[in-house]
Amino acid sequence: MSMTITATLTVSPAAPAHGGTVTATYAVSGNTATPPQDQTVSGDATFIGGPVLHVTTTVTLPGTPNLPESYSVPTCPGLTFVATANPKVFTALVP
Amino acid sequence: MATVSGVVTVGGVAHPVTASVTLPASGARGGWLLDATNTGVPAGTALTVVNGNLTVAAGQTVTGKDVAGYVVLGAGATLKNSRIRLSTAGDASEMGPGSTFDHCDMGGGTNGTTHINSPYAFWVGGSGSTVSTVQSCNIHHMNDGIRADGALHIYDSWVHDLNFGQDISGVHSDGVQMTQKGTAPVEIGWCRWKGGNNVNIFMQLAGAVNVHHNLLEAETRSTGEATSFHLSLGSPSQVTGPILIQNNRADRTVAFLYNPVATPYTANGNVYSDTLTPIPGF
Chain B
3 MSMTITATLT
13 VSPAAPAHGG
23 TVTATYAVSG
33 NTATPPQDQT
43 VSGDATFIGG
53 PVLHVTTTVT
63 LPGTPNLPES
73 YSVPTCPGLT
83 FVATANPKVF
93 TALVP
Chain F
73 MATVSGVVTV
83 GGVAHPVTAS
93 VTLPASGARG
103 GWLLDATNTG
113 VPAGTALTVV
123 NGNLTVAAGQ
133 TVTGKDVAGY
143 VVLGAGATLK
153 NSRIRLSTAG
163 DASEMGPGST
173 FDHCDMGGGT
183 NGTTHINSPY
193 AFWVGGSGST
203 VSTVQSCNIH
213 HMNDGIRADG
223 ALHIYDSWVH
233 DLNFGQDISG
243 VHSDGVQMTQ
253 KGTAPVEIGW
263 CRWKGGNNVN
273 IFMQLAGAVN
283 VHHNLLEAET
293 RSTGEATSFH
303 LSLGSPSQVT
313 GPILIQNNRA
323 DRTVAFLYNP
333 VATPYTANGN
343 VYSDTLTPIP
353 GF
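So the protein lines, in turn, are chains B and F.
For our numbering, count along the first sequence from 1 and bump the result up by 2.
For our numbering, count along the second sequence from 1 and bump the result up by 72.
Please keep in mind that the hints were generated in silico from the structure rather than gathered at the bench.
Glycine residues also receive a C-beta, built at the ideal position from the N, C-alpha and C atoms.
A couple of the hints might just be wrong.
With beta-carbon atoms standing in for the labels, derived distance ranges [to be verified]: (1) F:Gly-124 to B:Thr-12: 23 to 33 Å; (2) B:Ala-87 to F:Tyr-330: 29 to 39 Å; (3) F:Asn-125 to B:Gly-22: 31 to 41 Å; (4) B:Thr-77 to F:Ser-201: 19 to 29 Å.
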């Protein structure tokens, strides 16, 4: 089952003052890893004139990792954002 | 309302996103509007003489003083509508975190208008983010106008008539100098700067600095000694930034920015003060 991936951008504070610092933060939801999963494989074996034998076995399907994420430097007229140690977070001084 | 735009790429798929922010109005302020009539002690203010240094205790507000010495502001203290005469060579005031000088005149010598060997009007230091504020002050007749080594906002103030070599032999004077590398933010806005003999705003070692809506003037003495640059940046290892230089006005007599080792900065909207046309590259 696949999950919808969505992204958001939030800015804080919403109404900064001159000289204040604006922080822009990205968030992503739905980009979750899938662990390895056991699945059952079923089949029938029939002997001629004999009964039908139902047989099963299990197989472990591989998981999938998170998809890689990258984040652009936000842009806004009048602000110049710079990166921080957190790749999802950028800051700008308000002139 | 302004829009902040960005893109998150997940597994090679781009997801454009936006957010809104309300930026403050530009306002009708600017360093080009400042002079003796709207900086320093308001006309008509009655002053009480303090013979000697003045300490304003943490959290206290003092007004209407004429100090013959230097001032020490405790944390969160304010000195307002006052005159400070740095009477003795070496005198300089100090600001604790979150303190304020408001509408003060800061000059050198016993009369406040003599060039004496005072290192600067005041010093603010420390690596904390609690911002001290200087607003509407008139600063003159000393070596550096301001030593900004900590979190500081300088608003609506006029720095001028600083010491040159003919006043104090061997002096190296700046309007404001920053000598502490770090993260303490400095904002310099809506001020008027003229000299000294080095640069107007010297970001030698600094963290985040925002220089905006200032008037930058160079001073030239009859001896030929002159301000060298309007702005100067230290090396990338000394200036952590970010450095914003926006919407300033400068005369064209000296170079706008001295940046010999390409320290990163952002500059836009800066114009020549005579024609208000863009300064190329800035």
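Cross-check of the supplied hints:
Between Gly-124 (chain F) and Thr-12 (chain B), the C-beta spacing of about 53 Å breaks the proposed range 23 to 33 Å. At about 30 Å, the CB distance of Ala-87 (chain B) to Tyr-330 (chain F) agrees with the hint of 29 to 39 Å. Range check, Asn-125 (chain F) to Gly-22 (chain B): about 34 Å between beta-carbon atoms, so the 31 to 41 Å window is met. Taken as a hint, the range 19 to 29 Å holds for the pair Thr-77 (chain B) and Ser-201 (chain F), whose Cβ atoms sit roughly 26 Å apart.
Hint violations for this structure: number 1 only, all remaining hints satisfied.
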